[in-house]
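Make a model of the complete structure from these sequences and hints.
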Amino acid sequence: MKRHLPVMILCTALVAGLAAPLATGASAPGFYMEVLFGGLAAGVLYSLVALGFVLIFKASGVFNFAQGSMVLFAALSVARMAEVMPLWLAAMLGVGVMVLLAILIERLVLRPLVNQEGVVLLMATLGVSYFLDGFGQSVWGSDIYEINLGLPKAPVMILGNLFKGGILINKDDVAAAVVALLLVTALALFFQKTATGRALRAVADDHQAAQSIGIPLNRIWVIVWSVAGIVAVVAGMVWGSKLGVQFSISQVALKALPVVILGGFTSIPGAILGGLIIGVGEKMAEIFLGPLMVRTFDLAGGGIENWFAYVLALLFLLVRPEGLFGERIIDRV
Amino acid sequence: MFYRENGQFKSSYRQDEALLPILQDRIFMLALLAFAVVGVPFLASDYLFLSIINPFLIMALAALGLNLLVGYCGQISIGHAAFMSVGAYAAYNLMLRVPNLNFLVALVLAGLIAAAVGILFGMPSLRIKGLYLAVATLAAQFFIDWLFARVKWFTGYESSGSVSTPVLSLFGWPLDSPARKYLFLLAVVAVFTLLAKNLVRGHIGRAWMAIRDMDVAAEVIGIRPVYAKLTAFAVSSFYVGVAGALWGFVYLGSWEPLAFNITVSLNLLFMIIIGGMGSILGSFFGALFIVALPIVLDRVPAWLGAPLSTATASHLASMIFGALIVFFLIVEPHGLARLWAIGKEKLRLWPFPH
Numbered sequence: 000m001k002r003h004l005p006v007m008i009l010c011t012a013l014v015a016g017l018a019a020p021l022a023t024g025a026s027a028p029g030f031y032m033e034v035l036f037g038g039l040a041a042g043v044l045y046s047l048v049a050l051g052f053v054l055i056f057k058a059s060g061v062f063n064f065a066q067g068s069m070v071l072f073a074a075l076s077v078a079r080m081a082e083v084m085p086l087w088l089a090a091m092l093g094v095g096v097m098v099l100l101a102i103l104i105e106r107l108v109l110r111p112l113v114n115q116e117g118v119v120l121l122m123a124t125l126g127v128s129y130f131l132d133g134f135g136q137s138v139w140g141s142d143i144y145e146i147n148l149g150l151p152k153a154p155v156m157i158l159g160n161l162f163k164g165g166i167l168i169n170k171d172d173v174a175a176a177v178v179a180l181l182l183v184t185a186l187a188l189f190f191q192k193t194a195t196g197r198a199l200r201a202v203a204d205d206h207q208a209a210q211s212i213g214i215p216l217n218r219i220w221v222i223v224w225s226v227a228g229i230v231a232v233v234a235g236m237v238w239g240s241k242l243g244v245q246f247s248i249s250q251v252a253l254k255a256l257p258v259v260i261l262g263g264f265t266s267i268p269g270a271i272l273g274g275l276i277i278g279v280g281e282k283m284a285e286i287f288l289g290p291l292m293v294r295t296f297d298l299a300g301g302g303i304e305n306w307f308a309y310v311l312a313l314l315f316l317l318v319r320p321e322g323l324f325g326e327r328i329i330d331r332v
Numbered sequence: 000m001f002y003r004e005n006g007q008f009k010s011s012y013r014q015d016e017a018l019l020p021i022l023q024d025r026i027f028m029l030a031l032l033a034f035a036v037v038g039v040p041f042l043a044s045d046y047l048f049l050s051i052i053n054p055f056l057i058m059a060l061a062a063l064g065l066n067l068l069v070g071y072c073g074q075i076s077i078g079h080a081a082f083m084s085v086g087a088y089a090a091y092n093l094m095l096r097v098p099n100l101n102f103l104v105a106l107v108l109a110g111l112i113a114a115a116v117g118i119l120f121g122m123p124s125l126r127i128k129g130l131y132l133a134v135a136t137l138a139a140q141f142f143i144d145w146l147f148a149r150v151k152w153f154t155g156y157e158s159s160g161s162v163s164t165p166v167l168s169l170f171g172w173p174l175d176s177p178a179r180k181y182l183f184l185l186a187v188v189a190v191f192t193l194l195a196k197n198l199v200r201g202h203i204g205r206a207w208m209a210i211r212d213m214d215v216a217a218e219v220i221g222i223r224p225v226y227a228k229l230t231a232f233a234v235s236s237f238y239v240g241v242a243g244a245l246w247g248f249v250y251l252g253s254w255e256p257l258a259f260n261i262t263v264s265l266n267l268l269f270m271i272i273i274g275g276m277g278s279i280l281g282s283f284f285g286a287l288f289i290v291a292l293p294i295v296l297d298r299v300p301a302w303l304g305a306p307l308s309t310a311t312a313s314h315l316a317s318m319i320f321g322a323l324i325v326f327f328l329i330v331e332p333h334g335l336a337r338l339w340a341i342g343k344e345k346l347r348l349w350p351f352p353h
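Chains as they are written, first to last, in numbering that gives the first Met the number 0: chain A, 0 to 332; chain B, 0 to 353.
These are calculated hints, taken from the structure and not from any lab test. Here a beta-carbon is modelled for each residue, glycine too, at the ideal position from N, C-alpha and C. Treat the hints with caution; some may be incorrect.
Said to hold, decoys possible - Ranges of calculated distance between the beta carbons of each label pair, as one might list FRET restraints:
(1) A/L107 <-> B/A291: 20 to 28 Å
(2) B/L125 <-> A/V113: 26 to 34 Å
(3) A/V119 <-> B/L346: 23 to 31 Å
(4) B/A291 <-> A/K170: 48 to 56 Å
Printed below as a string of structure tokens:
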């Protein structure tokens, strides 16, 4: 109970902060709901990137700093190939490219570094990230490209009879959420029902035990990085259609780090929920807390969404380092 | 080398513990210093000073600071540019608000302020390590970036949010030409390098290394992890803060809010990986490499008659950095400094096999 007290205080503070604008009447319910949905939509995008992190961390214990660059690389490949061929073919080829990349990364980076400390692997993926950023932009160009998924962009109004003015929702945000849901379902089925999925879970549990019963570790890593690559293709296409394919994707994906801290490094539902919490939290903070802080401290503008996620993750690390759903594998010092 | 150290016997503990026990090394070091003080200002052009030598010296100091934390104490940080900006803004505000303050005093005070902030953000390292600490330091990076961009007091209520510094003058000696700036930087860097070298040889440096190698064992033999880790964060942030103040005042002169962003943090990390973790010499190699490579990539193709566009050159630089990091982590985790040591060892015996 004593251990849970700080966690509960933090969570209560979060929920209270979430409810405050509505309770104090600082915002109209309709506007509040719109901010909430906007946050959820952003959260889905974070979740998609965080999913790739969690997959790789679960299976190989590598903290993949390059996930953001993989999303950028996948999005660039699909966007540029879609200029000369139909989108579905470009997406398939994009998947092929990511699988090839997974094989190369396993061969050239992971295999020589096997059994190294986590921090060394983290730095190696940092190198991979820089390489991919440079390589992707040299090969595919560094302008802003579009991916047109053919989704309707026009916002629709729902619940017009419940709130004054209704709530505006973007259809493509809903589509992104559906895509994320499908992806998670597919991954869950893959992990639970197939032989490969079982092997992946075995490796995630215990490398040595899995190896001793004849599961080929190297092949499993290739598979996991390929799956993370496929997730990157999906994430890249969704992001690209929303924001345009550009270098900033690789940077914004850094937000996936606090997401996985919050959700737990080893939990797929945690990645989804963590993404949603971060997405909603930072939108709420920006819109409701931001002006308050600007007024109180006489700031030169808001922008607290730039750090809100990280500071929230930092607080979480202090009270519950394994995240919401993670296993307690953390080394205490 | 081309010399033998035969006949140089150490007959006292003092001699045994000397910084450079071999006479020829001492001569080499003195010659190097003399060349740096007298030779370089005559030989180098202003362009060379401004684009390579001066940034190299400052970045070497910053990399040295990060190396004390990552290489010696084993605590990762991917937010060290934030402490650079703390140093830079602290020095700016001190110079702005305190009349007639000597820049050297401001420099040390800026370093101390950065050290205090470093301790604050180093606190999580008492409970977490590795990947988790990386995220905690990332929080420092983004929060401090935002703080200096948004809180008007720090930038002296400039409407643009960017700050500019006056021409510095030390004891009536204005730092107005690149060569003079170079001499000033050289003096500061030399002093701090000597300090760092002695720090890591001493009690505190050994405590850091013990924590890095195995924290539980270190605690068992009586090293306090709290003390060791927080001093590592403090000393490291102090160095980086001083480097940040130098970067702002001596190199940039005026800078925009996000001059110390995460790219700078990652570059610092690359410097110590490529140069050599846990090596003071390595910090210098790494800094030189990272500072010089983009310029070489920009210049050499132009000389060869096939100029690269700026974008291509920067993508190429990023690819080379990435590939080299992976290469060094796999092949030589101790970086260029280790290659240097191997080369020296080989040359010591050359041309004989044993």
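Taking the earlier hints as the rules, which of them does this structure contradict? none
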